[in-house]
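The listed protein sequences correspond, in order, to chains A and B. Mapping the first sequence onto UniProt numbering, position 82 (from 1) lands on 82, and the numbers just tick up by one. Mapping the second sequence onto UniProt numbering, position 264 (from 1) lands on 264, and the numbers just tick up by one.
These are computed hints drawn from the structure, not numbers from a lab. In this text, a Cβ means the ideal position worked out from N, Cα and C, and glycines have one as well. Do not take every clue at face value.
Selected chain A positions facing chain B (Cβ under 10 Å, derived; list incomplete) [to be verified]:
id, residue
1, Phe55
2, Asp68
3, Pro73
4, Glu91
5, Ser97
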Amino acid sequence: MKVYKLACFSIALIYPLLLTADVHIVDQKNKEFSTNELRVKVGDEIRFTNQDPFFHNIFSLSDTMFFDLGSYPQGEFRSIKVKQPGVIEVECAIHPSMNMKIIVEE
Amino acid sequence: MASGIYLKGLFLQPFLLTLLLLPELISVLYASEDSDSITYFEPGHPSLQQWLLPVPPITTAANAVEQLQLGKLLFFDPRLSANGNFACSTCHNPSLGWSDGLKTAIGQQGISLNRATPSLINVAYNKIFMWDGRQSNLESQVLGVMGAEHEMNADYEKLLIFLSQNSTYRRLFAKAFPGKHINKETLAAAIAQFERTIISKNTPFDRWIAGESAAMSADQVAGFQVFINKTKGNCASCHHPPNFTDDGFHNIGLKSFASSNPDLGRYNIKPIKISKGAFKTPPLRGIGLTAPYFHDGSAATLTDVIDHYTQGGEVTTNIDPEMKKLSLSKIEKKQLKLFLEALTTTTDSYPVPILP
Numbered sequence: 001m002k003v004y005k006l007a008c009f010s011i012a013l014i015y016p017l018l019l020t021a022d023v024h025i026v027d028q029k030n031k032e033f034s035t036n037e038l039r040v041k042v043g044d045e046i047r048f049t050n051q052d053p054f055f056h057n058i059f060s061l062s063d064t065m066f067f068d069l070g071s072y073p074q075g076e077f078r079s080i081k082v083k084q085p086g087v088i089e090v091e092c093a094i095h096p097s098m099n100m101k102i103i104v105e106e
Numbered sequence: 001m002a003s004g005i006y007l008k009g010l011f012l013q014p015f016l017l018t019l020l021l022l023p024e025l026i027s028v029l030y031a032s033e034d035s036d037s038i039t040y041f042e043p044g045h046p047s048l049q050q051w052l053l054p055v056p057p058i059t060t061a062a063n064a065v066e067q068l069q070l071g072k073l074l075f076f077d078p079r080l081s082a083n084g085n086f087a088c089s090t091c092h093n094p095s096l097g098w099s100d101g102l103k104t105a106i107g108q109q110g111i112s113l114n115r116a117t118p119s120l121i122n123v124a125y126n127k128i129f130m131w132d133g134r135q136s137n138l139e140s141q142v143l144g145v146m147g148a149e150h151e152m153n154a155d156y157e158k159l160l161i162f163l164s165q166n167s168t169y170r171r172l173f174a175k176a177f178p179g180k181h182i183n184k185e186t187l188a189a190a191i192a193q194f195e196r197t198i199i200s201k202n203t204p205f206d207r208w209i210a211g212e213s214a215a216m217s218a219d220q221v222a223g224f225q226v227f228i229n230k231t232k233g234n235c236a237s238c239h240h241p242p243n244f245t246d247d248g249f250h251n252i253g254l255k256s257f258a259s260s261n262p263d264l265g266r267y268n269i270k271p272i273k274i275s276k277g278a279f280k281t282p283p284l285r286g287i288g289l290t291a292p293y294f295h296d297g298s299a300a301t302l303t304d305v306i307d308h309y310t311q312g313g314e315v316t317t318n319i320d321p322e323m324k325k326l327s328l329s330k331i332e333k334k335q336l337k338l339f340l341e342a343l344t345t346t347t348d349s350y351p352v353p354i355l356p
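Throw the hints in and build the complete structure from the sequences for me.
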């Protein structure tokens, strides 16, 4: 019985690991995103972490997903969860040279 | 997995994420402390070399010299404007720090324009152009201003005929752009090429950074410390090395933003909340020559600029998060001003070309 319970408990722990969405981390450092292009799945989460000693901002004017997550200092992050397939152009409103593309697949 | 890290699992995420991010969080904290401790205020110290400007990014085109020589003539030639009385140099006057000394620019027919004329000093290093960043390269900036109704209002069709009929210009274009026509593209390329030669990189600050200890006084060095210290001036948060700009956009809380019809600046290009009332960070070399300051020309002197920042801006609506009241003593403010003065070289007379 103990073994059975342990197995159930383990499955309960692992099951969501297999089913739920991915979390992708994108760093903002030296006024650049850590990647220019990211491929994700619908439902995934993307976290933008500010590693610079000044504020960054995150926004997108894309048709696929329009958002403005505001500005935040070093050590903080903002995140989005993608809900539909398409291409999302992400920018920093403070530093216009910062831009990247997220390709969202089904 | 371009981002380097990705995680699965709803329940384990917070724990795993914390665990996996721990080294990164530590490194962020360490870097923050380190960024202060690694800056040694000694002339020529390696930690200061990030402030040295690289070789000017003048194009390596085969005919670069011929192009900039042609561009210099065009820059000073008022016949490029509709009325024949308005050259690039009318607003970008070398005697006035390649600006015009006015609060805001005056255009054709004496019309007062909304924004101050930006200096062209070190424009070669810019990554984005105009106060609102609506131009992405120097060539398009040149054509935009030349064609603007209240600026040079150039009639390009007539202008290109004039240039083609002028034997000297025809010869110079042929030398600068072999095999190409005289057109808007070559016209803009020549002027932009000339503008890229307007460089300031031998200021007292530059010489001190390079190791010349007598180039800056002790007060100016102290002013530099105030400038980069996040708990003091916090100026370097936006005026980044090496050209004293982050090529970014900030609302610095100017009084004019509280007017009934404020200039929204960058918001007109990128309609994002933080962009409302935000304008491009100007580079600071040559700043001693380019008064008045700010996009609306509202600061007459460097003292006014420092006072504005010390009080954390005048209008706090949508103000940039880096803007905050500064705790600066009278001496520190004076030192900061002295440091800013070390970012300018003495003006030499500038020979204006004889037009063909």
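Comparing the hints with the structure gives:
1. Phe55: Check passed: Cβ of Phe55 of chain A comes within 5 Å of chain B, closer than 10 Å.
2. Asp68: holds (5 Å)
3. Pro73: holds (7 Å)
4. Glu91: holds (8 Å)
5. Ser97: holds (6 Å)
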